[in-house]
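Undergrad: Listed here are the chains, written in short residue letters.
There are 2 protein chains.
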Amino acid sequence: MRCRTCGKKAAINMRHHRLSLCSEHFLEWLPAQTNRFIQKHVMFDKTDRVLIAVSGGKDSLALWDILWRLGYQTEGLYIDLGIDESITYSSRSQEFAQSFADERGLKLHIASLNSEYHETLPEMAMRTKRGRDNPCSLCGLVKRHILNNTAVNGGFDTLVTAHNLDDEAAILLANTLEWSLEHLSRGQPVLPSRPGFKRKVKPFARTCEFESAAYSFLRGIKWMPDECPFSKDSKQLYYKAYLNEWEASMPGTKLRFYNTYLKALESGAFPDGQEEVQVLEAQRCPNCGQPTITGGLCAFCRLIVP
Amino acid sequence: MRCRTCGKKAAINMRHHRLSLCSEHFLEWLPAQTNRFIQKHVMFDKTDRVLIAVSGGKDSLALWDILWRLGYQTEGLYIDLGIDESITYSSRSQEFAQSFADERGLKLHIASLNSEYHETLPEMAMRTKRGRDNPCSLCGLVKRHILNNTAVNGGFDTLVTAHNLDDEAAILLANTLEWSLEHLSRGQPVLPSRPGFKRKVKPFARTCEFESAAYSFLRGIKWMPDECPFSKDSKQLYYKAYLNEWEASMPGTKLRFYNTYLKALESGAFPDGQEEVQVLEAQRCPNCGQPTITGGLCAFCRLIVP
Chain A
18 MRCRTCGKKA AINMRHHRLS LCSEHFLEWL PAQTNRFIQK HVMFDKTDRV
68 LIAVSGGKDS LALWDILWRL GYQTEGLYID LGIDESITYS SRSQEFAQSF
118 ADERGLKLHI ASLNSEYHET LPEMAMRTKR GRDNPCSLCG LVKRHILNNT
168 AVNGGFDTLV TAHNLDDEAA ILLANTLEWS LEHLSRGQPV LPSRPGFKRK
218 VKPFARTCEF ESAAYSFLRG IKWMPDECPF SKDSKQLYYK AYLNEWEASM
268 PGTKLRFYNT YLKALESGAF PDGQEEVQVL EAQRCPNCGQ PTITGGLCAF
318 CRLIVP
Chain B
18 MRCRTCGKKA AINMRHHRLS LCSEHFLEWL PAQTNRFIQK HVMFDKTDRV
68 LIAVSGGKDS LALWDILWRL GYQTEGLYID LGIDESITYS SRSQEFAQSF
118 ADERGLKLHI ASLNSEYHET LPEMAMRTKR GRDNPCSLCG LVKRHILNNT
168 AVNGGFDTLV TAHNLDDEAA ILLANTLEWS LEHLSRGQPV LPSRPGFKRK
218 VKPFARTCEF ESAAYSFLRG IKWMPDECPF SKDSKQLYYK AYLNEWEASM
268 PGTKLRFYNT YLKALESGAF PDGQEEVQVL EAQRCPNCGQ PTITGGLCAF
318 CRLIVP
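One line per chain: the protein sequences are A and B, in this order.
With positions in the first sequence counted from 1, the corresponding number in the working numbering is that position plus 17.
With positions in the second sequence counted from 1, the corresponding number in the working numbering is that position plus 17.
Please keep in mind that the hints were generated in silico from the structure rather than gathered at the bench.
Only a predicted model underlies this, so the values are computations on that prediction, with no experimental measurement involved.
Be aware that a few hints might be false.
The list treats identical chains as one, so a pair stands whether inside a single copy or across any two.
Below are the SDA-like pairs computed for lysine to any residue, each with C-alpha atoms no more than 20 Å apart in a straight line [stated by the list, open to error]: (1) Lys280 <-> Leu201; (2) Lys160 <-> Asp97; (3) Lys280 <-> Ala191; (4) Lys252 <-> Trp263; (5) Lys257 <-> Asn192.
If we strip away everything but chain A, and leave its shape as in the complex, we get (with noise of 0.2 Å):
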């Protein structure tokens, strides 16, 4: 297998893309491909602050180096959720997103859960019936919250997820076996800014977690390598599995089951979905301001109001 570009020994071959790379290239082609998909879906430009969500793994950090060599201008925060229980993962991420911010001279921010509400993730979880059902999706709820309030109180315009292709399509494949209209309306890689919601981009929507990790590797990049430990029994890993088998037998199959749906979205399919979101998001909650979809406190401040 030889560089497209070069001839030289190929580092990485991408079936899907049916593009065969070696190291220096790959290392130019993924920032390109990024760059060309922020300026194609309009998502930010050099004169925004923007604020990304690192997590310590290779995803957020990969997607952070690269707007930083892009010379976009990023700070980054990362959300101590306290899972330092059976494996100490909070902690440790927090160092390698830590160091990674460090080494480039790029600015960190760091949320505590437990600082800021008294209580740990894992403790959240077991006290609420939807953290012992699905702890997956509190932590979600709880990140969302958090992110969205830091990038409103910094005055960012832009708040950036390194959500990969592999998540985006599980979590489309999800929503789909439920036909659920109201998220498949809001799957597209930028969610406008709503009133008391900042703007949402995922820059990384059609790279594969196989590209961001041989990005991290190629790159020299430290990440954390280990997966929190609630994601075992996650509907999102199960759903991966599925679709890596398709993607394997049929290469492709993960692109295009994401650009033909961004493609739908396009053309209007889900009219319906969009409506609703609007109508729900009328309300606010009177604890943090935040728009909710009930009539009294948001999901979030249900969770931590006593």
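Following the hints, complete the assembly by docking chain B onto the known chain A.
TA: Structure of chain B alone, referenced to chain A:
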């Protein structure tokens, strides 16, 4: 496991319905369920002349048996595709269909591809690019054309096929993985008649393959046990296997996938797909008169006209 109705030993446990029934009550339950589905979607009534496509397999014979017992006016259509090379598939299937009809005094029409168009399906598959690439797609096209033609020429009101839940879920999954809006906008169990096309309905669309097999077995119906020799490479079987895995670990997955899809359709999802279909059908095939998506001959006539 006990029958919910009478408490005797159950013959079947339907985990997706959380329902166990003995043979007697299952043989009552499935026709009643089927009739409720027919009435809910206003598929046809007892004044309609109904043509049912019969393959000699468990699904179509179980459904024909049920429609006959419910008192609907049905005639069957068997299409002899001439698949009699590696195994005598078509001729044996026809025998099962004919015996079934004879035992009940029902009328079975026979359409022979070879007699009418001077070519068997395997020959047509070898001759045409579409057939070589995907004989199942060719077969679907041929059957749809002949079914519709027979219904139009015979003055039937409605065309019934015995697609079951496993078929519908597999087709839906395949169409969803490519977000094929044209197909997704037309997955209802009732396709109303349109100029050139008879009304098409699927009374078994919520009935599992497992249920139709159990019905045929418990009712003593003899059905063709072999699969079509072409089907082993079909995409539909590929996706059925995955849906079966999900069903085993999460009972109800297939039914939820299908039911929530129908709700999404009802709420107006894929409006563009619908429009597209209407635009496409404005043209007629100069050879057979059926609507066509291209300016000239329809896809079927392109196969058979030299």
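Undergrad: If a hint holds in the structure, say so; if it does not, say that too.
TA: Do the hints match the structure? See the list:
1. Lys280 <-> Leu201: Both, since 13 Å and 14 Å are each at most 20 Å.
2. Lys160 <-> Asp97: Answer is within; shortest intra-copy Cα gap is 10 Å, inter-copy 60 Å.
3. Lys280 <-> Ala191: Both: 19 Å inside a copy, 17 Å across copies.
4. Lys252 <-> Trp263: both (17 Å within a copy, 12 Å between copies)
5. Lys257 <-> Asn192: Both, since 13 Å and 19 Å are each at most 20 Å.
Against the hints set out earlier in the document, no violation occurs for any number.
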